[in-house]
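Protein chains: 4
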Amino acid sequence: MHFSLTHNAYGKSKVRLTKVTRHDGKHDLKELSVDVLLEGDFAGSYTDGDNSKVVATDSMRNTVYSVAKDHPLADVEGYAIALARHFVDHYDMVKTAQVDVREQPWQRIVVNGTPHAHAFQSGGSEQGTCHAEVSGDRVFLKSGLTDLLVLKTTGSGFSGFVRDRYTTLRETTDRIFATSVTAEWTWNKTQDVDFSARNALIRKMMLEVFAEQFSLAVQQTLQEMAEAALAVCPEIDEMVITMPNKHRLMVNLEPFGQHNANEIFMPTDEPHGLITGTIRRG
Amino acid sequence: MHFSLTHNAYGKSKVRLTKVTRHDGKHDLKELSVDVLLEGDFAGSYTDGDNSKVVATDSMRNTVYSVAKDHPLADVEGYAIALARHFVDHYDMVKTAQVDVREQPWQRIVVNGTPHAHAFQSGGSEQGTCHAEVSGDRVFLKSGLTDLLVLKTTGSGFSGFVRDRYTTLRETTDRIFATSVTAEWTWNKTQDVDFSARNALIRKMMLEVFAEQFSLAVQQTLQEMAEAALAVCPEIDEMVITMPNKHRLMVNLEPFGQHNANEIFMPTDEPHGLITGTIRRG
Amino acid sequence: MHFSLTHNAYGKSKVRLTKVTRHDGKHDLKELSVDVLLEGDFAGSYTDGDNSKVVATDSMRNTVYSVAKDHPLADVEGYAIALARHFVDHYDMVKTAQVDVREQPWQRIVVNGTPHAHAFQSGGSEQGTCHAEVSGDRVFLKSGLTDLLVLKTTGSGFSGFVRDRYTTLRETTDRIFATSVTAEWTWNKTQDVDFSARNALIRKMMLEVFAEQFSLAVQQTLQEMAEAALAVCPEIDEMVITMPNKHRLMVNLEPFGQHNANEIFMPTDEPHGLITGTIRRG
Amino acid sequence: MHFSLTHNAYGKSKVRLTKVTRHDGKHDLKELSVDVLLEGDFAGSYTDGDNSKVVATDSMRNTVYSVAKDHPLADVEGYAIALARHFVDHYDMVKTAQVDVREQPWQRIVVNGTPHAHAFQSGGSEQGTCHAEVSGDRVFLKSGLTDLLVLKTTGSGFSGFVRDRYTTLRETTDRIFATSVTAEWTWNKTQDVDFSARNALIRKMMLEVFAEQFSLAVQQTLQEMAEAALAVCPEIDEMVITMPNKHRLMVNLEPFGQHNANEIFMPTDEPHGLITGTIRRG
Chain A
1 MHFSLTHNAY
11 GKSKVRLTKV
21 TRHDGKHDLK
31 ELSVDVLLEG
41 DFAGSYTDGD
51 NSKVVATDSM
61 RNTVYSVAKD
71 HPLADVEGYA
81 IALARHFVDH
91 YDMVKTAQVD
101 VREQPWQRIV
111 VNGTPHAHAF
121 QSGGSEQGTC
131 HAEVSGDRVF
141 LKSGLTDLLV
151 LKTTGSGFSG
161 FVRDRYTTLR
171 ETTDRIFATS
181 VTAEWTWNKT
191 QDVDFSARNA
201 LIRKMMLEVF
211 AEQFSLAVQQ
221 TLQEMAEAAL
231 AVCPEIDEMV
241 ITMPNKHRLM
251 VNLEPFGQHN
261 ANEIFMPTDE
271 PHGLITGTIR
281 RG
Chain B
1 MHFSLTHNAY
11 GKSKVRLTKV
21 TRHDGKHDLK
31 ELSVDVLLEG
41 DFAGSYTDGD
51 NSKVVATDSM
61 RNTVYSVAKD
71 HPLADVEGYA
81 IALARHFVDH
91 YDMVKTAQVD
101 VREQPWQRIV
111 VNGTPHAHAF
121 QSGGSEQGTC
131 HAEVSGDRVF
141 LKSGLTDLLV
151 LKTTGSGFSG
161 FVRDRYTTLR
171 ETTDRIFATS
181 VTAEWTWNKT
191 QDVDFSARNA
201 LIRKMMLEVF
211 AEQFSLAVQQ
221 TLQEMAEAAL
231 AVCPEIDEMV
241 ITMPNKHRLM
251 VNLEPFGQHN
261 ANEIFMPTDE
271 PHGLITGTIR
281 RG
Chain C
1 MHFSLTHNAY
11 GKSKVRLTKV
21 TRHDGKHDLK
31 ELSVDVLLEG
41 DFAGSYTDGD
51 NSKVVATDSM
61 RNTVYSVAKD
71 HPLADVEGYA
81 IALARHFVDH
91 YDMVKTAQVD
101 VREQPWQRIV
111 VNGTPHAHAF
121 QSGGSEQGTC
131 HAEVSGDRVF
141 LKSGLTDLLV
151 LKTTGSGFSG
161 FVRDRYTTLR
171 ETTDRIFATS
181 VTAEWTWNKT
191 QDVDFSARNA
201 LIRKMMLEVF
211 AEQFSLAVQQ
221 TLQEMAEAAL
231 AVCPEIDEMV
241 ITMPNKHRLM
251 VNLEPFGQHN
261 ANEIFMPTDE
271 PHGLITGTIR
281 RG
Chain D
1 MHFSLTHNAY
11 GKSKVRLTKV
21 TRHDGKHDLK
31 ELSVDVLLEG
41 DFAGSYTDGD
51 NSKVVATDSM
61 RNTVYSVAKD
71 HPLADVEGYA
81 IALARHFVDH
91 YDMVKTAQVD
101 VREQPWQRIV
111 VNGTPHAHAF
121 QSGGSEQGTC
131 HAEVSGDRVF
141 LKSGLTDLLV
151 LKTTGSGFSG
161 FVRDRYTTLR
171 ETTDRIFATS
181 VTAEWTWNKT
191 QDVDFSARNA
201 LIRKMMLEVF
211 AEQFSLAVQQ
221 TLQEMAEAAL
231 AVCPEIDEMV
241 ITMPNKHRLM
251 VNLEPFGQHN
261 ANEIFMPTDE
271 PHGLITGTIR
281 RG
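Chains as they are written, first to last, in the numbering used here: chain A, 1 to 282; chain B, 1 to 282; chain C, 1 to 282; chain D, 1 to 282.
The set of hints was computed from the structure by calculation and includes no laboratory data.
Which copy is meant is left open, so a pair is good if it fits within one copy or across any two.
List of simulated lysine to any residue pairs, SDA-like, C-alpha gap at most 20 angstroms:
no.	residue 1	residue 2
1	Lys204	Gln107
2	Lys246	Ala56
3	Lys246	Leu37
4	Lys95	Val162
5	Lys246	Ser125
6	Lys14	Met266
7	Lys14	Asp147
8	Lys19	Asp174
9	Lys14	His272
10	Lys19	Asn260
11	Lys142	His7
Note that the structure is a prediction, hence the values are computed from the model and not measured.
From just these sequences and the hints, can you work out the full model?
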């Protein structure tokens, strides 16, 4: 019997990294979780246990730290490209290197109105993401965010949908809309961009649209958030947004002799709606 | 053979609740997870399957929502006491009712510099906690917080500890100190207190001490944080603080021909140090 | 400015379902988590908030339960196809329906050597998976498993790999090999197959290869596991296997005057190697 | 202002350990997670940052491994006592040492009907637990288990409970009963006991009672499980059992023209009932 290895890749995942940069008594802090995944001439290790072209994943971990030492890490995007580039340039057998970075947010503790020079508190569970893929001279770069939790207590409805045998949901013109946004955008240039500023602007636009626009459907809000971000940031051409509908179910208080005037809800995680869309410029 | 039931308790856990309060076009939002635990004359259900004195946990869930409807929920403490009080007053067989509340933090989305009237984003993974226990006329009340993630990149050392056969740790006068604070404080009065303002002040004092004071040991910082909080808040008499030492291990870059000047670290979750202390006034 | 919606999909995730089937005093138990995802003529809800073609995700949840009531659920594959088929047949605007199922394993409690008729204990954290995709007349079907935790204390080495500036890992011919297998296989026929028996056989072959074959690399073991499964199951043509390398690090006991003869290890979750491969027949 | 440190303790948590024991070509495997917590003369580190009596938690971790090397680890109880004893004997300032162990279960892979000599698969998410506390000559020892998931599809009812304004639950004489048992038992002797055999017997009795006895209330089943275990194991005097009621809610299929004859349920994790009881011999 014959078998063929039609795809293979390997790497190191969840390499966690803290970098402290000191300048004039002030410390900057970056905390990242880095995944490296390589594709190339590695079939021999699968088919024959021949490791002669295998870069140990332990060495990849070492490289994550070594490259971070030499890189300023002002933004994550530059570091991700540099790290992916390293593997492609350093090893002939590597055809493509993918680097995925998640950034743990930290913000300075404020003491007497002043952000502290070296003490930080968590910036929450939302994380910035970055995906860099390098093949030969080609660089493909995306940035994003994950777990941006938002909720509006009104300004959202859902009506006019299909009604049939399986429909028990009531129409509403006033419901809570809660979601955890995951978004990713693709850069059309990979240098001479102030990535941090652009990422912050994209996030700001998404938040404003979520807050300000009446939502006729999660789908519609998703589209408007993507369009608003694309409109202000010419360096990106495409956005993918995924938004679960984290339901808040109205509690029936009638049995207790009370009227629930859209006040008391039960949040649930399971099941949840899931909406995704890809919006491109042009 | 004889057996005796020496302790019993039962209740409902993780009752999740959203309350929206509307006033003049502005919406307030509270999201809580509530646990109820009752003690009393319930032995019959254990020893004989006699449920005649058993309040169904499903009814407890209903009660969580019903009491929330009628309570202003301005602060969690008042609601927790009212809910615990309800069970003791409403059912003869209940001797003690414990209510534990965790509050999910939300903050208003800022649009054009203005906090939005009804749109919110997550306040992070830190949660406020409250424990109310009512037995007859007695009310016992604690507030707290959990998962307050903080990190300082310097201003922390650890030296002068026991050295013996099992010691491989090096002394240091400059290390990263990262922890996730869990703290709980006991109130000496349960009304006529602005709980929200007091809780915010206690939290502020803990953060400032963490940021400002050099740490000779996690233990010392814990003690100083508790003393600072007790000093400014006469309505509390006792604080329990627990702080894991979330190690950032310095990465050895020598094999790669680089010098790690306290810049590159590997964060780890396992294993972690764990320090706890109870500090009382007087 | 112009924008286009280049891809969209929506559905309901984590619909949890328990089905009890009674026959002659014996009960069968299935517990599933079901995700439904639809593609089709839904752009209007994104671009105009027009929900006239939108099947509410709440209705999808209802359908999961309704279809489960009428289906024997002898195997998950048949149910997944029936559910996906339902959405395509029932709604003109649905072009493709994807159904993903995870099965929570249960096994009968054994009392006096006899499997109990209606009492069960957990079958562990490993889960069976199934993916059915229906577009018009086309049915695409995969089955799999996730989180199959295995460990061998010997019979594994790693040597002959690339050594360079970033290499600190030592070669070894005797190491612990621990992993959590995720595997998925594609069926070349979607009926007249005893899916449960075939899935069990595929799992058995993977376990035997893992146990019996010396591993020169995680890659090699992965390939051998896939080939062994393909060899015994003509109804599948392709396997994708992903295996993290869940490292057990040898602890240095020399400072304590002890010699670690491959006995004492520290298990770690982060970072971990990650190896993936796709193997096809022919 | 004066403050006093009324309680303090510190230690190392989640020290993960793998031990492989080789005999005649067959390998035994133990995987543990160990927590150490010390109490004693440590106030100086809190109040003055004086670490002269502080055993670094890093040294505790080293000790976990070092003691495991010399101990046969045939059962976890003996190791936990030895480890706690070590800290009390080795350090004058330690008054009490607590050691908590969780054991990850592994079972041998069966190949051609024979358990393999050195290849293992997960024994599931249930874990064995052990708590040893040593103060001077006194040894206090408990064993237990956590996350024993069980479910019965019938043989369980709930009726005759309090009905009042807050009651919406219907009475039933036939419901699904699903729980995740946590149990802990206290030994009245700490040596000359075959702990592993006794623990297995206790677990077996709990499972049999759960399967065989009709349940009038979770409380009653809990009591019967504890009594059955105490009855067969004279070396234990007390059991604490905690059982959440992991509800399976019957799905209303009437809107879809179907009758749900106790077949189709929705499992939920939140909220859940929680029942606890302590049962003593005598």
